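Using the sequences plus the hints, can you model the full thing?
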Amino acid sequence: MTEPSTEWQNEVREALDRLSDMEAQRQAWMSSGRIHFPDALELYLTLLDDLRFSDFVERNLKHKDHGIYAQGIEILRLLQDITDEQLSDSVSILDNSNWQRAANLSARLVSRLDEI
Numbered sequence: 000m001t002e003p004s005t006e007w008q009n010e011v012r013e014a015l016d017r018l019s020d021m022e023a024q025r026q027a028w029m030s031s032g033r034i035h036f037p038d039a040l041e042l043y044l045t046l047l048d049d050l051r052f053s054d055f056v057e058r059n060l061k062h063k064d065h066g067i068y069a070q071g072i073e074i075l076r077l078l079q080d081i082t083d084e085q086l087s088d089s090v091s092i093l094d095n096s097n098w099q100r101a102a103n104l105s106a107r108l109v110s111r112l113d114e115i
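Position 80 (the sequence shown) corresponds to 79 in numbering that gives the first Met the number 0; numbering is contiguous.
Misleading hints may appear alongside valid ones.
Each pair of labels, with its calculated beta carbon distance range [stated by the list, open to error]:
id: 1; residue 1: G66; residue 2: M21; range: 21 to 29 angstroms
id: 2; residue 1: M29; residue 2: D64; range: 33 to 41 angstroms
id: 3; residue 1: R12; residue 2: I34; range: 17 to 25 angstroms
id: 4; residue 1: E73; residue 2: S30; range: 27 to 35 angstroms
id: 5; residue 1: K61; residue 2: Q26; range: 33 to 41 angstroms
Keeping only pairs whose Cα atoms sit at most 20 angstroms apart, straight-line, the calculated SDA-like set for lysine to any residue is [stated by the list, open to error]:
id: 6; residue 1: K63; residue 2: L104
id: 7; residue 1: K63; residue 2: E73
id: 8; residue 1: K61; residue 2: R76
Rather than coming from a laboratory, the hints here were simulated on the basis of the structure.
Small disclaimer: the values here were computed from a predicted structure and weren't measured.
Built from N, CA and C at the ideal position, the CB exists for glycine as well.
If you want it as structure tokens, here you go:
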């Protein structure tokens with residue numbers, strides 16, 4: 000098994016940090032653009048498409064502790080269950096239970112990434 004590149008792992012960590020930072024999201028998305036922070040769709044696309052989070056989970060978490068792998072899979076499932084329409088409304092996404100749960104799991108997963 001190949002270890003994740005440090006750059007890829009750091010980029011995933013940063014994306015998960017942003018996803019988990021509900022307070023920064025709230026401040027940015029409800030402030031009429033006065034604070035720069037990626038919108039919900041950009042956070043989603045960065046993690047799932049640009050950083051290939053599903054590949055990261057399969058390649059780097061699957062053979063680790065089952066709990067860390069399960070967290071990665073659950074984040075993927077939760078995000079994939081959010082519709083494009085929901086993602087396009089950054090203010091209402093803050094109340095979306097899947098988004099909130101994915102944010103919570105992202106914070107927990109970030110704290111465990113050093114284990115891989």
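Item to complete: Look at the Cβ atoms of G66 and M21 and judge whether their distance stays inside 21 to 29 angstroms.
Response: About 22 angstroms separates the Cβ atoms of G66 and M21, which means 21 to 29 angstroms holds.
Discussion item. Against the range 17 to 25 angstroms, how does the distance between the Cβ atoms of R12 and I34 compare: consistent or not?
Written reply: Taking Cβ atoms as reference, R12 and I34 lie about 22 angstroms apart, which means the hint holds.
Worksheet item: Are E73 and S30 spaced within 27 to 35 angstroms by their CB atoms?
Response: Between E73 and S30, where Cβ atoms are some 30 angstroms apart, the hint holds.
Worksheet entry | Range hint 33 to 41 angstroms (beta carbons of K61 and Q26) holds or violated | Given a distance of about 35 angstroms, which is inside 33 to 41 angstroms, the answer is holds.
Discussion item. K63 and L104 were given as a pair; does the straight-line alpha-carbon distance stay at or below 20 angstroms?
Written reply: holds, 17 angstroms
Worksheet item: CB of M29 to CB of D64, is that within 33 to 41 angstroms?
Response: For D64 against M29, whose Cβ atoms are near 37 angstroms apart, the range 33 to 41 angstroms holds.
Worksheet item: CA of K63 to CA of E73, is that 20 angstroms or under?
Response: holds, 15 angstroms
Discussion item. Checking one constraint from the list: CA of K61 to CA of R76, max 20 angstroms. Satisfied?
Written reply: Measuring from Cα to Cα gives roughly 15 angstroms; hence the hint holds.
In terms of the numbered hints stated before, the structure departs from none.
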